Amino acid sequence: MATHEPTATERFVQGILPENPVYRQLLGMCPTLAVTGAMEPAMTMAAATAFVLILANVTVSLIRGLLKPHLRILVFTLTIATFVTIADRMLAAFLYEMSKQLGPYVPLIIVNCLIISRCEICSSKQGLFTAIADGVGMSIGFALALGSIATVREILGSGKWFGLAVLPEGWPAWGIMVLPPGAFLTLGLLLGIAEWIGQSRASRANQ
Amino acid sequence: MDTLITLIQIGIGAALINNFVLHYFVGICPFLGVSRRIDTAFGMGCAVTFVISIAAMLSWTFTYFILRPEAPLPAWVWQTCGGDPAVTVDLSVLSYIMYIFVIASSVQFVEMYVRKFFPPLYKSFGVFLPLITTNCAILFACLEIMKHLQEPAKLWGLHEALTLAVGGGVGFTIAITLMAGIREELDMCDVPKPLAGAGISLITAGILAMAFMGFAGVDKGIERTIGMLLQ
Chain A
1 MATHEPTATE RFVQGILPEN PVYRQLLGMC PTLAVTGAME PAMTMAAATA FVLILANVTV
61 SLIRGLLKPH LRILVFTLTI ATFVTIADRM LAAFLYEMSK QLGPYVPLII VNCLIISRCE
121 ICSSKQGLFT AIADGVGMSI GFALALGSIA TVREILGSGK WFGLAVLPEG WPAWGIMVLP
181 PGAFLTLGLL LGIAEWIGQS RASRANQ
Chain B
1 MDTLITLIQI GIGAALINNF VLHYFVGICP FLGVSRRIDT AFGMGCAVTF VISIAAMLSW
61 TFTYFILRPE APLPAWVWQT CGGDPAVTVD LSVLSYIMYI FVIASSVQFV EMYVRKFFPP
121 LYKSFGVFLP LITTNCAILF ACLEIMKHLQ EPAKLWGLHE ALTLAVGGGV GFTIAITLMA
181 GIREELDMCD VPKPLAGAGI SLITAGILAM AFMGFAGVDK GIERTIGMLL Q
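So the protein lines, in turn, are chains A and B.
Throughout the first sequence, residue numbering follows this note's numbering, covering 1 to 207 in sequence.
Throughout the second sequence, residue numbering follows this note's numbering, covering 1 to 231 in sequence.
The set of hints was computed from the structure by calculation and includes no laboratory data.
Please note that a few of the clues may not be correct.
As the list claims (entries may be wrong) - Dumping the calculated DSSO-like pairs for lysine-lysine here, alpha-carbon to alpha-carbon at most 30 Å:
hint : chain 1 : residue 1 : chain 2 : residue 2
1    : A       : Lys100    : B       : Lys154
2    : B       : Lys123    : A       : Lys68
3    : B       : Lys220    : B       : Lys154
Unchecked claim - Cβ-to-Cβ under 7 Å is the rule here; a few derived chain B residues that face chain A:
hint : residue
4    : His23
5    : Phe25
6    : Ile28
7    : Phe117
8    : Pro119
9    : Leu139
10   : Ile203
11   : Gly206
12   : Met210
Since this is a predicted model, take the numbers as computed values, not measurements.
We put the CB at the ideal spot given by N, CA and C, even for glycine.
Based on the sequences and whatever the hints tell you, model everything.
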């Protein structure tokens, strides 16, 4: 088939590593950089994004027959904004401290390019089951990416992981890692490493 | 005089100390995507500043009169329809949807304007102009303004909201233009292959962010200087 759309399993697997949202597609960079100072906010953010992404995928997939081409982006954004409002209220109700700490970055999920691009690429064209599989796969990939960056930054920056001390007492905490520059540097180097692994695999496959 | 000092502090704070891109990480997509050449980057910065100012004005108006707790318009409607005056009407749960609407329509307006009057600029922006809608910097400015309209005791006026927006836009322009200048030089350099592209840009941005950390405390210094000049 010339116009072959990936199946649900393919969508699910692709989201995790081969098309990882952060490392491969460079999408959703704001939360990736902003909330990865420690594991706990990073994982809360990943969960909130997963909630919005999966529900937005489901909704858009269900109404895909009604979408008009010139209005679809607006419909996507309004769907996402509704679910973000729900997620934001839930965070404020059940995890008040965390919602204070994440501050504006929860509402900023609305403009996370990752979710709009998934609505556009997958769920506005494919059925409900594929859309759910795609949302779950992408969410896992996003959580892995946030987790990897937060791990590096929290361990080097404060010697802890999820608030538990992992490095010895005398570790001189690299303050810069939990500050904004550390986010850029960590993501830049991790991207370089991911790219390096990809390139060396490709050259080995060619031999 | 106090108003002026507050405005200067808000403006400098948004533009330099807490730079939108390098401190709050909003607007990273155009910061990495449109920073290849200085003129395009500067044009993008100006477009964002323009949209941010319009969106901030509109969102301040909506928030102040309709969305904030104890806003006049819904309270009036509530009481006219015979509601209990002791109940506070709070529509702030609608604010995210409202802001997205405001931003999307102002971007549409700017797109039409640029296409009509600056066709070359329009061509060089390409897909990034409609993408301003999903530029976090604009929604972020609206959210910051909303934050300062929550407590009835110290409400922000339109002038403060506008200063924050223009300051943030100028800060974005400064950051993206600096980045474009550095990247034009980087094109001549021998960058390790895996880092080429996004990797080296992010590392450059990290070093820029370190430089911008040096602005911390400038607002206090300005306040003191103005205080001394007035005496």
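> If you check each hint against the structure, which ones fail?
Replying inline: As far as the earlier hints go, 7, 8 are violated by this structure, in ascending order.
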